[in-house]
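Enquirer: Same order as they appear, the protein sequences are chains A and B. Counted the way the numbering used here counts, the first sequence spans residues 1214 to 1302. Counted the way the numbering used here counts, the second sequence spans residues 231 to 356.
I should point out that these hints are in silico values taken from the structure, not numbers from a laboratory. Be a bit skeptical, because a hint or two may be false.
[Claimed, not checked] The calculated lysine to aspartate or glutamate pairs, modelled on DMTMM-like cross-linking and capped at a C-alpha distance of 25 Å, are:
1. B:K259 / A:D1242
2. B:K272 / A:D1242
3. B:K320 / B:D331
4. B:K272 / A:D1299
5. B:K320 / B:D330
6. B:K259 / A:D1299
7. B:K320 / B:D353
8. B:K259 / B:E236
9. B:K320 / A:E1275
10. B:K320 / A:E1216
11. B:K320 / B:D338
12. B:K320 / A:D1242
13. B:K259 / A:D1245
14. A:K1268 / B:E236
[As the list claims (entries may be wrong)] Counterexamples of contact, computed for chain B against chain A with all Cβ distances above 10 Å:
15. E236
16. F251
17. R266
18. G277
19. F289
20. Q292
21. E300
22. A319
23. D330
24. L332
25. G336
26. D345
27. D346
28. P347
29. D349
Treat the numbers as computed from the prediction; the structure is a model and nothing was measured. Beta carbons are placed, not taken as given, at the ideal position from N, Cα and C, and that holds for glycine.
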Amino acid sequence: MIEAALLFASGCYGLALLLNLWRISFGPDLADRILALDTMVINVIAILVLYGIWKGTAIYFEAAMLVAMVGFVSTVAYCRFLLRGDIIE
Amino acid sequence: MNFLIELLISFSLVVSGIFGFVGSFGLLKLRNTMQRLHAPTKATTLGVGGVLIASMAYFFAQTGSLSIHELLITLFLFLTAPISANFIAKAFMTRNLSQDDLPPTGRDYGWAPFDDPPDTPPDARG
Chain A
1214 MIEAALLFAS
1224 GCYGLALLLN
1234 LWRISFGPDL
1244 ADRILALDTM
1254 VINVIAILVL
1264 YGIWKGTAIY
1274 FEAAMLVAMV
1284 GFVSTVAYCR
1294 FLLRGDIIE
Chain B
231 MNFLIELLIS
241 FSLVVSGIFG
251 FVGSFGLLKL
261 RNTMQRLHAP
271 TKATTLGVGG
281 VLIASMAYFF
291 AQTGSLSIHE
301 LLITLFLFLT
311 APISANFIAK
321 AFMTRNLSQD
331 DLPPTGRDYG
341 WAPFDDPPDT
351 PPDARG
């Protein structure tokens, strides 16, 4: 039962990644693209955790934590660049 | 593994998968950027929370000890999602809107992307 649920959730997040990719490619505004990238990072975190459950190891939590931190910092850096034209003033 | 725990894990996995998909579908479907901001920042964050709860229950049932990695990731995501949403909204407002497009704030100072912050914080004025 858990395997079926894992497959279902992985399929959902894979489809979600594809939708985000569409928004990154055709998003009319730059803010849409940043938002889609941010969502993509969150979906990748979910997929990493799902893969960790599938494999039964706890290693992937570290990877998910690192991806979460890098994703947040990159979103803030990109937005700051749009807002101020500079990242560190 | 206990059937009830297995049911709980599978239920939260399915629910979180649906939430994650709905978040990204909303990102695709909604009409303008400010509306699109709602779907991923709320639904997807909730979906990831469900995945982390499932993983916590799974590893608790496997090893018998509670792991707090998931709680760390959940805490980090729930703290950072509103901040990044606020930043994206501000970036969108500075690029696409002028101060005339927005309703008046009803205060002494204007909207944050356009106006300098007040010298004294509003709650210090009494």
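Enquirer: Now look at each hint and say whether the structure bears it out.
Expert: Comparing the hints with the structure gives:
1. B:K259 / A:D1242: holds (15 Å)
2. B:K272 / A:D1242: holds (21 Å)
3. B:K320 / B:D331: With a Cα-Cα distance of about 14 Å, the restraint between K320 of chain B and D331 of chain B holds, given a limit of 25 Å.
4. B:K272 / A:D1299: Outside the cut-off at roughly 29 Å; violated.
5. B:K320 / B:D330: With Cα atoms ~16 Å apart, K320 of chain B and D330 of chain B stay inside 25 Å; holds.
6. B:K259 / A:D1299: violated (32 Å)
7. B:K320 / B:D353: Within the cut-off at roughly 23 Å; holds.
8. B:K259 / B:E236: The given pair, whose Cα atoms are some 34 Å apart, is violated under the 25 Å limit.
9. B:K320 / A:E1275: violated (31 Å)
10. B:K320 / A:E1216: With Cα atoms ~42 Å apart, K320 of chain B and E1216 of chain A exceed 25 Å; violated.
11. B:K320 / B:D338: holds (20 Å)
12. B:K320 / A:D1242: Holds, at about 13 Å.
13. B:K259 / A:D1245: Holds. K259 of chain B to D1245 of chain A sits at ~12 Å (cutoff 25 Å).
14. A:K1268 / B:E236: holds (16 Å)
15. E236: Per Cβ check, E236 of chain B is inside 10 Å of chain A; nearest 6 Å; violated.
16. F251: violated (4 Å)
17. R266: violated (6 Å)
18. G277: violated (6 Å)
19. F289: violated (7 Å)
20. Q292: violated (7 Å)
21. E300: violated (7 Å)
22. A319: violated (8 Å)
23. D330: holds (19 Å)
24. L332: holds (16 Å)
25. G336: holds (24 Å)
26. D345: holds (14 Å)
27. D346: holds (14 Å)
28. P347: Non-interface label stands for P347 of chain B: nearest chain A Cβ at 14 Å, farther than 10 Å.
29. D349: holds (20 Å)
Hints 4, 6, 8, 9, 10, 15, 16, 17, 18, 19, 20, 21, 22 from the earlier list are contradicted by this structure; the remaining hints agree with it.
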